[in-house]
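Work out the full structure, taking the sequences as your base and the hints as a guide.
Listed in order, the protein sequences are those of chains X and P. Counting from 0, one number per residue, gives the positions in the first sequence under numbering that gives the first Met the number 0. Counting from 0, one number per residue, gives the positions in the second sequence under numbering that gives the first Met the number 0.
Keep in mind that the hints are not guaranteed to be accurate.
As the list claims (entries may be wrong) - The list that follows gives simulated cross-link-like pairs (lysine-lysine, DSS-like), each with its CA atoms no further than 30 Å apart:
1. X/Lys20 - P/Lys23
2. X/Lys58 - P/Lys15
3. X/Lys315 - X/Lys205
4. X/Lys162 - P/Lys8
5. X/Lys235 - X/Lys433
6. X/Lys95 - P/Lys18
7. P/Lys20 - X/Lys95
8. X/Lys3 - P/Lys20
9. P/Lys20 - X/Lys30
10. P/Lys15 - X/Lys20
11. P/Lys15 - X/Lys30
12. X/Lys181 - P/Lys20
13. X/Lys3 - P/Lys61
14. X/Lys162 - P/Lys15
15. X/Lys65 - P/Lys61
16. X/Lys30 - P/Lys61
17. X/Lys162 - X/Lys3
18. X/Lys95 - P/Lys23
19. P/Lys61 - P/Lys18
20. X/Lys20 - P/Lys18
21. X/Lys348 - X/Lys387
22. P/Lys23 - X/Lys30
23. P/Lys15 - X/Lys95
24. X/Lys58 - P/Lys61
25. P/Lys20 - X/Lys162
26. X/Lys418 - P/Lys18
27. X/Lys65 - X/Lys334
28. P/Lys8 - X/Lys20
29. P/Lys20 - X/Lys58
30. P/Lys8 - X/Lys3
31. P/Lys18 - X/Lys30
What the hints contain is simulated information worked out from the structure, not anything from laboratory work. This structure is a prediction, so every number in the text was calculated from the model and none was measured.
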Amino acid sequence: MAVKNSDRYWNPVLETLPREKLRAMQFNKFKRIVEWGFHNSKMYRRKYDEAGFEPGDLKTWEDIGKVPMLQKDDYRSAQAKEPWPYGDSLCVPLEKVTEYHQTSGTTGQPVYQPDTWQDWEWWSESWAYILWAQGFRNTDRVFIPFGYNVFVAYWAGHYACEKIGCEVVPGGILNTEERLLKIQELKATALMATPTYVLNMADTCKRVLGKDASELTVRRILCAGEPGASVPTTKKRMEEAWGAKVFDHVGATEIGAWSYECTFQPGGIHVNEALFLVELVDIDTGLPIEELNKPGKIVITAFDRFAQPCIRFDSKDVSMWGEACACGRTFRLLKGGVHGRVDHITKVKGVLFSPVSVEEVVRGMPQLGDEYELIVSKKGDVDVITLKVELVPQAGVTPQEIQPELERQLRLKTNLAYKIEFHPFGSLPRYEVKAKRFKDLRHEHK
Amino acid sequence: MLAAEVNLKEMDALIKEVKGKIEKLVEISGGMQCVDRNCDRILASIKMLEINICDLQEILEKEAVQLNRN
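Written out as structure tokens, the structure is:
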């Protein structure tokens, strides 16, 4: 078998595999993990029995939709059972578990995530696909400004950097200033962080070190945890601040590192279809979406994670299929990355509203700072959206001068009116990991 | 821009052979932890080779059998 541009891909065979062969392999692997879950996890057995489903029902690709979808609450319920702390979702003897992580608990009780050493090797393998696609090589010195802890975040990124031969600098317990000084001292060439923290670091660099982050040596930044690196205006801000290429990646504790932007920066993320099955389903009907540009909910299966399998997991993330990428990968592209979560995309004043679209407007106006806060509340029966922003110190405009343009752009982008508040620069909350900029307080008024 | 010729069938066979040898090593280790634990790690890495190579080869072989039948 001949493979072209073999240095561009981590696995040049699988990443460029003709779709029909890829699909055949996916179906085979899907059946295998469903069998595994059914026979080794009481949680899956219970769920499938209740739905009257058994693995033998999987005869064609179309049968995949018959497999009951898994919700985060299924893990939570299972984890109330034995063996502690993983409960009966666990598919291996407890002594085979070598890694503990947990979800951040943003949406409720954290889910505990067990992995065997093989599963952990698989995590770093899935990250190796990402890093390679984004141009990380063994000549890179990668700085990871992450508080190494129970959250999986950049742990697997660290191990994958080692796997592909990078030199890794763990910037764990240091504060932002110390991290910047270490990047400067070691001449780090690459960085991994949330978009919020990438901007925060650039801001600190200017304030505390008295220089632009672009004067440092970082030329490649991998982002995760928030949609920012797929929001064009946020990506532009980060790239300009650091003089670096910024790439998106999406993963989750319960799922794995399932997608990545490549160096072609096609305005979307590739699904790693060698390791995951990603289905896009209609938010209301649950029916599969194959056409391009139609938003749907992402449902994911990890083919090769065995301690606590992830089979047809309802991620609640929203995206849409996009055109094929020019990079040569046959892995499908999700246009615009993850657009938000089903539980954040909500109706305000009867209009479907996504907080990410506000970020695109705010970060597109150079007079405004990186931080903002969005609060939906009720005044009587009417929804009110308050947008808090900061003017940058050298904005050269007053709030009164810029407000009409901000309102106009917001109306164009979201079809909604906002109550805008200007706050002193540096006064809105700063975040190191996932930012919480959107608050829907309407239920508190009931 | 590298172009390469890869022989999936041969790689698949070698991966299986290496796996077999490591499993044999575990069988004869007499429970020596320094052997068993290191073999466990090697087997995890071999699984990654299976994911990258053998899982596809399995499909290609099934297709070839199907073609021969037809």
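- Item | Restraint status (C-alpha distance of P/Lys61 to P/Lys18 at most 30 Å) | At roughly 22 Å apart (the allowed maximum being 30 Å), P/Lys18 and P/Lys61 satisfy the hint.
- Are X/Lys162 and X/Lys3 close enough, with their CA atoms no more than 30 Å apart? holds (23 Å)
- Task: Measure nothing beyond the straight line between the CA atoms of X/Lys3 and P/Lys20; if it is 30 Å or shorter, mark the hint as holding.
- Result: violated (33 Å)
- 30 Å Cα cutoff - pair P/Lys15, X/Lys20: The hint holds at about 22 Å.
- Task: Verify the proposed pairing of X/Lys30 with P/Lys61, using a straight-line Cα cut of 30 Å.
- Result: holds (15 Å)
- Holds or violated: P/Lys23 to X/Lys30, with C-alpha atoms at most 30 Å apart: holds (29 Å)
- Message: Tell me if the straight-line CA distance from P/Lys8 to X/Lys20 falls inside 30 Å.
- Response: Answer holds: P/Lys8 to X/Lys20 is near 16 Å, not above 30 Å.
- Quickly compare the C-alpha distance for X/Lys58 and P/Lys15 to 30 Å and report which way the hint goes. holds (28 Å)
- Are the Cα positions of X/Lys95 and P/Lys23 separated by 30 Å at most? holds (20 Å)
- Would you mind confirming whether the straight-line C-alpha gap from X/Lys3 to P/Lys61 stays at or under 30 Å? holds (25 Å)
- Query: Are the Cα positions of X/Lys95 and P/Lys18 separated by 30 Å at most?
  - Reply: Holds, at roughly 19 Å.
- Item | Hint consistency between P/Lys20 and X/Lys95 [alpha-carbon to alpha-carbon, up to 30 Å] | holds (22 Å)
When held up to the earlier numbered hints, the structure conflicts with 1, 3, 8, 12, 26 and 29 and fits the remainder.
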